[in-house]
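Sequences are here, hints too, so could you generate the full structure?
Order-wise, the sequence lines are chains A and B. Numbering follows my numbering, with no gaps: position 24 of the first sequence is 24. Numbering follows my numbering, with no gaps: position 60 of the second sequence is 60.
Hints are computed from structural coordinates only; laboratory data are not their basis. All the pointers check out, no bait thrown in.
Straight line, CA to CA, 25 Å or less: simulated DSS-like cross-link-like pairs of lysine-lysine: (1) K79(A) with K64(A); (2) K51(A) with K5(B); (3) K137(A) with K276(A); (4) K276(A) with K94(A); (5) K276(A) with K107(A); (6) K35(A) with K122(B).
These figures come from a predicted structure and were not determined experimentally.
Listed here are the chains, written in short residue letters.
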Amino acid sequence: MHREARIANYVLAAYTVLALTMLSLPLTAPVLKLKACVTYVLNPVAYYGAKGSDRFADVPANIKDLLAADSENRDLREKVKQAQWARAEADSLKIENGRLRAELGLKAPQVRSPVWAHVMERDPLHWYGSIMIDAGKNQGLEISAPVLGQVGEGLVAIGRVVAVRANSATVLLLTDPLSSLAAYATSASTDNPKSFEGLLQGQNRARMLMNYLNPDALVAKGDMVYTSPTSATFPPDVLIGTVAQIYPPDQELAFQSAGVAPAADASRLKEVMILKPQSEAAAEAPKLSQVAPESQDGETPESSQ
Amino acid sequence: MNLLKLAAVFVAAMAAQWWWSTHLSIAGVAPQLLLVLTVATAARYGPLWAMSCGFFWGLFLDILGARLFGANALALTLVGFTTGSVRRQIDVAGLGPQCLLSFSMTWAYFILIGLLGTVFAKTFLWVGWPVFIFDPIYNCLMTVVVFAAWAPPRWDHHR
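Right, here's the structure in full:
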């Protein structure tokens, strides 16, 4: 017999015996060990094959994303160009503002930097009272730091920090009865500009109450409510909400009130922005330090909250 | 022979078989690429390599399924041995003989798996009529592809 054929017969016999052993004794320890060993060696082919297949399956979607990203990138480049011009203009105005403030002897506003944090918890028993966030002292947060939320592309006032721990903090919402904030209501119409200052107070429900409005003020539903420049906690002109209800003036009181619907539903917020006071070294921009050397001298006491 | 090449074919074949049967099977009908390659290996390198490749490819098929562990290994080993043996009688280097072998070996493979089921699982492991009828044709088409990519040398050179 041909040598190759003879060897082939031996190999066939060996493989056949091995296969029949596996078939006839499937639950014996040696066969189970062999099966485990084969699975360990050969299973990665299917596993990595599946992963590779998934990767290739994503290729059309990735190419589509890439093309969309290219288009988006061009748009963003245009926006960046415009933003650069706007920034240059803002820097120029900032310098001019600092110079004028210095000439008038006004204190410079507090320089703050933003810190973003996730909303960790909201107590159901104090639904309109407070939320807990995952940033604290280690992130530079301080008591009374203003907290803003993002709605669309704008920022709206949410509350202020009332308790700070190492890596978490409690935020008192504007809807809490303990919250009060100097605010002004203004019409969205530019034809009839108006501005009425009042004190916004929480009522432990969805709406807030704006008190101490001038009894002659023509406040209307839909008027926008912003933080007042007289608030030392919040930066001025941050949106709070809209006037949702006008209460009839009480004859015994010397002011009128309005119900304000918050612009941001705090229960839907996932992230918030906290404005922390910026360190003096970081706050001192080279240009501004030349024109406004008296910045950061003192602190304005919180009068509205 | 180039061991590295054979090892690459060995692994790539398993991946291709898995991918094809997972993603491109129609009503359970998918080409038995590993069977076709066992036939091609036997035609190109003889029964020894074909049996070894067939045995381990069969083990791979066995671990993918939950049925008899060792049935596919035995079946593909026998396919490799049979094809390697008949190449002494007929010229298997051509496309036609390889297609014929793939066609007949597919039926033999299905029947053998069924019989092994009768013996070791007390039930004939029937693959179903659509697979039984269309898979040999599918395998013939796959043989053409494998032949084009991996044409064996003429029988005269190896005699």
